[in-house]
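*Asks:* Sequence:
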Amino acid sequence: MSLNQAALNRVWTQVLIEECYRQGVRHICIAPGSRSTPLTLEAVAHPDMTVHTHFDERGLGFLALGLAKSTHTPVAVIVTSGTAVANLLPAVAESKLTKEPLVLLTSDRPLSWLAAAPIKLSSNRGSFLSMSPMRLIYLPQVRRSLFHGF
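Under the working numbering, the sequence shown has 135 at position 135, and the numbering climbs by one with no breaks.
Careful: at least some of the hints might be erroneous.
As the list claims (entries may be wrong) - Distance windows between CB atoms, simulated:
| id | residue 1 | residue 2 | range |
| --- | --- | --- | --- |
| 1 | E94 | E18 | 17 to 23 angstroms |
| 2 | A45 | L97 | 32 to 38 angstroms |
| 3 | T71 | A6 | 28 to 34 angstroms |
| 4 | Q5 | A45 | 16 to 22 angstroms |
Source of the hints: derived by calculation from the structure; they are not laboratory data. Note that beta-carbon positions come from the ideal geometry of N, C-alpha and C, so glycine has one too.
Take the sequences, apply the hints, and build the full model.
*Replies:* In structure tokens:
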């Protein structure tokens, strides 16, 4: 069976959102953008997640932080790439101080694009390196080879 890229993205994001749920995430805060559409669609489709939207990434970060504080559970944040991620920095800095867990699901461009991109494209890599303890996990770009047997 051959999977097209949209189907691959859907399966990949379903797995990611479900794993967030299994790790205790019950709220997802989203600032919609084109690069994060697959994540947004699957977050909304998950039957046990409560989704919150906000038009501004900085405000979204503090909305997520407030939810984490009030529910005592990790809260996921979905944004696109580049400056959208940078706008989360103040909330991430505060979450480090208060020990409220935020899970950032960002939609960076493929590394191959960043290497050959104009200066306006920025990578999310390193944005939060000074915010340890923090785990940064860079998932590979979705490809058919990741789904053996489909």
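*Asks:* Take the hints in turn and mark each one as holding or not.
*Replies:* Against the structure, the hints:
1. E94 with E18: 17 to 23 angstroms: violated (28 angstroms)
2. A45 with L97: 32 to 38 angstroms: holds (34 angstroms)
3. T71 with A6: 28 to 34 angstroms: holds (33 angstroms)
4. Q5 with A45: 16 to 22 angstroms: holds (18 angstroms)
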